[in-house]
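Just so you know, the protein sequences line up as chains A and B, in that order.
Okay, so the first sequence: first residue is 2 according to my numbering, each after it adds one.
Okay, so the second sequence: first residue is 399 according to my numbering, each after it adds one.
In case anyone wonders, no lab produced these hints; they're calculated from the structure.
Don't be surprised by glycine CBs; every beta carbon is placed ideally from N, CA and C.
Some hints here could point you the wrong way.
Only some residues are given here: those of chain A computed to face chain B with a beta carbon under 7 Å [as the list claims (entries may be wrong)]:
#1 Glu177
#2 Arg183
#3 Gly186
#4 Val196
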Amino acid sequence: MVENRPAATVLAHLTLVLGVLIIGFPVYLTFIASTQTAEQIVQNVPMSLLPGNNIVESYRLALFGGQTAYGSNLPPAAPMLWVSLVSALVIAIGKIIISLLSAFAVVYFRFPGRNLVFWMIFVTLMLPVEVRILPTYKVVSDLGMLNTYAGLTVPLIASATATFLFRQFFLTVPDELVEAARIDGAGPMRFFKDVLVPLSSTSIAALFVIQFIYGWNQYLWPLLMTTSEDMYPVVMGIKRMISGGDAATEWNAVMATAMLAMIPPALVVILMQRWFVKGLVDSEK
Amino acid sequence: MGAISLRNVEKTYAPGSKAAVKVIHGVNAEIGDGEFIVIVGPSGCGKSTLLRMVAGLEEITGGEIAIGGRVVNRLEPSERDIAMVFQNYALYPHMSVFDNMAYGLKIAKVPPEQIKARVDKAAKILELSALLERKPRQLSGGQRQRVAMGRAIVREPSVFLFDEPLSNLDAKLRAQTRLEIQKLHRSLSITSLFVTHDQVEAMTLAQRMMVMNAGRMEQFGTPEEVYQRPQTTFVAGFIGSPPMNLLRGQADGQRFVVAGQTLALPQAAPRSGELILGLRPEHAEWGVDSAEAWRLQVDVVETLGAERLVYCRLGETLFTVRIDGTLPAPRPGEQVPLGVRADRLHWFDAASGQRIA
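Input sequences plus hints: build the corresponding full structure.
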């Protein structure tokens, strides 16, 4: 039913504009703060809502670190962004590969204890990182993986959610397709590579976005298992830049780092959005 | 190359367990190279299961299947030298028409130029040449069906297996595709097994047809044989539309007593005991009166144009007669004599349903 009532249209737009403002204003504030100098932010109460002229200096300081106006030393954010990027990519891609393969095994192979395995995977949904953090730390530490990329990513790679999602998708693939592939002489892995993975491409894209952001936003786990500065992800880095106690905080650099940390996930969402839409339009499987 | 032998083929689901269900009971058949065989039967009779056993998609739990003299019980589908056309076509949705047809050859590591030649040739036969770059979702039902056939043809198998390939097409396209399949078979002469529940498809396509019921092969013969000499009451009732009239009663050579009615029998019908008498609706002689004529009471008349179907009562039993459309329509309630020729009657044993004469 399509209605054409101006009042409803205005109301709808009003709601949406309000929503955008609520989400957008803090981001705007962060950006404005990153263009001013530390003194401007602290001295003007409330803070000016117009862009300052310190943008180049703020971002240079945030990215490459260095001596601040107050004389303290700021660590550079560029290596932290790199650590975050690598671990988010490894987590997202690793999760997708592992869950594709395990869903494939659970759906297409008959092996003893198949149901048990499936339920075991399912039960791990109840065990997020926070719950198993101490045993996981012990394992990672015993394996000597503290302060490594492996330590940052491997414990987060297994994913029941993604396995479950792919399983549901594989169950909708018609059996006749499997049989046609068998008659064509495709073995299980060939069928997986040539038919199942291409058919799952839209689910893979969706999961990649979700898992990339999940990986990027990890805070607690890196906080626990990294002790050397060159392995800090950027989310942790931001927290460390906010100094407590008497020391002054370089708010412009903090805000610039926050802006920088927002860019990769936003890019992933914006770029992958086209895939979502494509997947929704070409609904035929 | 493509002769098929079915020797006492059996299929049991969950064998050895309490839930074991036997769905194919000892089917025997010898199919010659190049023959077009139609397997026909009602749904659930095991016809698709039998075809899938030949394809290698269902395990054979008893007996032997040989293709081209080679027992294939333990072979993978791809090693059996067969190609199959599925009911829903089972095209790979993400591949172009060309890739769909070429996929099997690519896996078999056929050189690319040869793949291209074979696909082009098949596409030409099936008039798909202009569609090779399209994806299956951009094709109509009939075109998808042709791609599925093309995928089978490029493999150059010794046996084609068709699993109800026409059932998703509309009536007009189905008739047209039926003719195309017939032409294709004439030009390629490859042994074909064609499963259908549609008796028109069975009668028109088959060189020989296998009528199945409840996992058993009821009759295996040419369409003429199956129509003119059905071996069991099941075949008699299944093939022919409207189905053959089957009357259960007592015969003593002169008369046949059915449901309290006494019917005069032609002299050449020396039968006795409890029997089932079969007479096709189109084989009764409408309005031909004689001492031996049966008397029917007209119940309902359906006019189809070229012919009329007259549903009558013979005592308590329903009896269908098919008459020419140019004859005047009988009125409901009217009494009509029906002439019966001895050579048109079919006799079956009442207990086993097997044909006697």
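A quick look at each hint next to the structure:
Because the smallest distance between the Cβ of glutamate 177 (chain A) and any Cβ of chain B comes to about 4 Å, under 7 Å, the interface hint for this residue holds. Because the closest C-beta pair between arginine 183 (chain A) and chain B is about 5 Å apart, less than 7 Å, the hint holds. At a threshold of 7 Å, the smallest CB-CB gap from glycine 186 (chain A) to chain B is about 3 Å, leaving the interface hint in force. Checking valine 196 (chain A) against chain B: minimum C-beta separation of about 6 Å stays under 7 Å; hint holds.
Consistency with the previously given hints is maintained throughout, with no hint failing.
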